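K.L.:
Protein sequence lines correspond, in order, to chains A and B.
For the first sequence, full-length UniProt numbering begins at 1 and goes up steadily by one.
For the second sequence, full-length UniProt numbering begins at 1 and goes up steadily by one.
Certain hints may be false.
Same chains, same names: a pair is fine if it fits in one copy or spans any two.
25 Å max Cα-Cα, derived SDA-like pairs, lysine to any residue [stated by the list, open to error]:
| no. | residue 1 | residue 2 |
| --- | --- | --- |
| 1 | LYS52 | ASN218 |
| 2 | LYS215 | SER66 |
| 3 | LYS53 | ILE137 |
| 4 | LYS188 | PRO105 |
| 5 | LYS188 | THR102 |
| 6 | LYS53 | SER199 |
| 7 | LYS193 | PRO106 |
| 8 | LYS188 | ASP64 |
| 9 | LYS193 | ILE137 |
| 10 | LYS188 | THR61 |
| 11 | LYS157 | LEU14 |
Hints in this document: simulated from the structure, not taken from any laboratory.
What you are looking at is a predicted structure, and each value in this text was computed from that prediction instead of being measured.
Protein chains: 2
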Amino acid sequence: MSSPIIFYDIPSTLSVNAWSPNTWKTRYALNIKGVPYETVWVEYPDIEALAKKIGAPSTGTKDDGSPSYTLPIINDPNTGKVVSDSFLIAEYLDATYPGGNTLFPPGTKPLIAAFEGSVVGAIGGILPLQLALSCYILNPSSQKYFRATREATFGKKIEEFSPAGAHRDADWAKAKEGLVAVDGWFSKNGGGKFVMGDSISYADGVLGGWLAWVKIINESSAAWEDLAAWHGGRWSTYLTNLQPFAAVL
Amino acid sequence: MSSPIIFYDIPSTLSVNAWSPNTWKTRYALNIKGVPYETVWVEYPDIEALAKKIGAPSTGTKDDGSPSYTLPIINDPNTGKVVSDSFLIAEYLDATYPGGNTLFPPGTKPLIAAFEGSVVGAIGGILPLQLALSCYILNPSSQKYFRATREATFGKKIEEFSPAGAHRDADWAKAKEGLVAVDGWFSKNGGGKFVMGDSISYADGVLGGWLAWVKIINESSAAWEDLAAWHGGRWSTYLTNLQPFAAVL
C-alpha cells in the first residue's frame with residue numbers, strides 16, 4: 001500500500017475549495033489514476049517558498065529573469081520525487097503507477113499536449129473574464145497577490161478585464177464560438193462519455209479542468225445556465241460524466 | 001484487387017504538381033493506407049461543376065448562401081461512394097480499407113481533429129504569405145480564380161498579403177514562434193519519426209500536409225533553408241521521413 005501523494009493546490013472561499021484550471025487537471029489525473037493522495041492548500045504568496053523548500057522545479061521565468069514557480073506540484077513520498085507542471089505530473093503518474101486507468105494511451109502524448117493548446121485556443125476568449133471572477137473567490141492574501149500580478153500582466157484593473165454588459169456578453173459569445181470547434185472534435189468520439197470515447201484519458205483532465213473552472217466560477221449565474229444548455233447540453237453532461245473523478249480529497 | 005480510387009487534386013506549374021495543403025492531407029492518407037488511386041487534376045474554376053456532376057457533398061456555404069465545393073474529393077469505384085473534405089475522406093478510408101496502416105488508432109479521432117486546429121493555430125501566421133506565393137504557381141485559369149476569391153476574402157491585392165521585406169520577415173518570425181509549440185508537442189513522442197512515435201497516423205497527414213505546402217511554395221528560398229534548420233532540423237527531417245508516403249500517383 002503506497003503512502004498518499006501530497007498534492008499542492010490553491011484554496012478559495014468556495015465550498016468546493018478547488019477552482020484553478022491547472023490544478024484541476026492534476027486533480028482529475030490523480031483521481032483517474034486512482035492513486036491515494038491528499039491535498040495541501042497553499043495561498044499564492046506562499047507558493048515560491050514552498051517550491052524552494054521541497055525542491056520543486058520552476059515552471060517559467062519572471063520578467064526579471066529569475067525562476068517562477070506555480071502549482072500544481074506533487075510530492076510523492078513513495079519515490080521521493082517532486083514534480084511541477086500539470087502535464088509533467090500526468091506523465092509521471094502514468095510512468096510510476098502503470099496500474100488503473102491509463103492517462104496517455106500509446107502514442108497520444110503529442111496529441112494530448114496539442115489538445116491542451118487547442119482547448120485554450122478555442123475558449124481562451126473568456127480568459128480575462130475568468131481571471132477577473134476568479135480574483136473575487138480567493139482568500140485575502142491570495143486575492144492581493146493575484147490582483148497585483150494579473151493587473152501587471154494585462155496593464156489594467158481587474159474590474160476592467162471583462163466589465164458586465166456588452167463587453168462581457170461579447171466574451172461569452174467568443175466562448176460559445178470556440179466551443180463549437182470543441183464540440184466538433186468531441187463529436188468524432190463515437191458517442192462515448194469521454195474525449196477519446198468510452199475510455200477516460202488525460203484529454204479529459206485537460207478539457208475537464210478548463211470546463212470545471214468555467215462552471216465553478218460562474219455557477220448559479222445565468223451565463224453558466226446558458227453555456228450548460230449549448231450543444232445539446234454537452235458540457236454539463238460531460239462534467240457530470242467526470243464527477244466520479246472530481247473528488248476533492 | 002480493388003480498382004483505383006479517383007482522387008481529385010488541384011494542379012500547379014511546379015514539377016511536383018501537387019501543392020495544396022488540404023489535398024496533400026488526402027494524398028498522404030491514400031499513400032499511408034496503401035490503397036490504389038489515381039489523380040485527376042482539376043483547375044479551380046472547374047471544381048463546382050465536377051462536384052455537382054459526381055454528386056460530391058458541399059463543404060461550406062458561400063456568402064450568398066449557396067453551397068460551396070472544395071477539393072479534395074475522392075470517388076471510389078469499388079463502393080460507389082463520393083466523399084468530400086480531407087478529414088471525412090480519411091475516416092472513410094480507415095472504415096472501408098481496414099488493412100494496412102491505421103490512420104486513426106482507437107479513440108484518436110477527436111484528438112487528431114483537434115490537432116488540425118492546433119497546427120493551423122500555431123503556424124497560421126504565414127497563411128497570408130503562403131496564399132500569396134501559392135497564387136503565382138497556379139495555371140492561368142486557377143490563378144485568375146484564386147486571385148479574385150482570396151482578394152475578396154482579405155480585402156486587398158495578393159501583392160499586399162505579405163510584401164517582401166519587414167512584413168514578410170515578421171510573418172516568418174510568427175511561423176517560427178508557432179513551430180516552437182509544435183516542436184514541444186512533437187518532442188513528447190518518445191523520439192519516433194512520426195507525430196505519434198514509431199507508427200504513422202493521420203496526424204502525419206495533417207502536419208505533413210501543412211509543412212509540405214510551406215516547403216513546396218518556398219523551396220530553394222532562403223526562408224525555407226532557414227526553417228529547415230530550426231529545432232535541430234526537425235521539419236526537414238520529418239518531411240524526409242514522410243517521403244515514402246509522398247508519391248504523386
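K.L.:
Now tell me if each hint is right for this structure.
P.N.:
Outcome of the hint check:
no.	hint	result
1	LYS52 - ASN218	neither (34 Å within a copy, 48 Å between copies)
2	LYS215 - SER66	neither (34 Å within a copy, 38 Å between copies)
3	LYS53 - ILE137	neither (27 Å within a copy, 60 Å between copies)
4	LYS188 - PRO105	both (17 Å within a copy, 13 Å between copies)
5	LYS188 - THR102	both (20 Å within a copy, 16 Å between copies)
6	LYS53 - SER199	neither (38 Å within a copy, 42 Å between copies)
7	LYS193 - PRO106	both (20 Å within a copy, 15 Å between copies)
8	LYS188 - ASP64	neither (45 Å within a copy, 29 Å between copies)
9	LYS193 - ILE137	neither (30 Å within a copy, 46 Å between copies)
10	LYS188 - THR61	between (38 Å within a copy, 22 Å between copies)
11	LYS157 - LEU14	within (23 Å within a copy, 54 Å between copies)
The structure fails to meet hints 1, 2, 3, 6, 8 and 9 from the earlier list, while all remaining hints are met.
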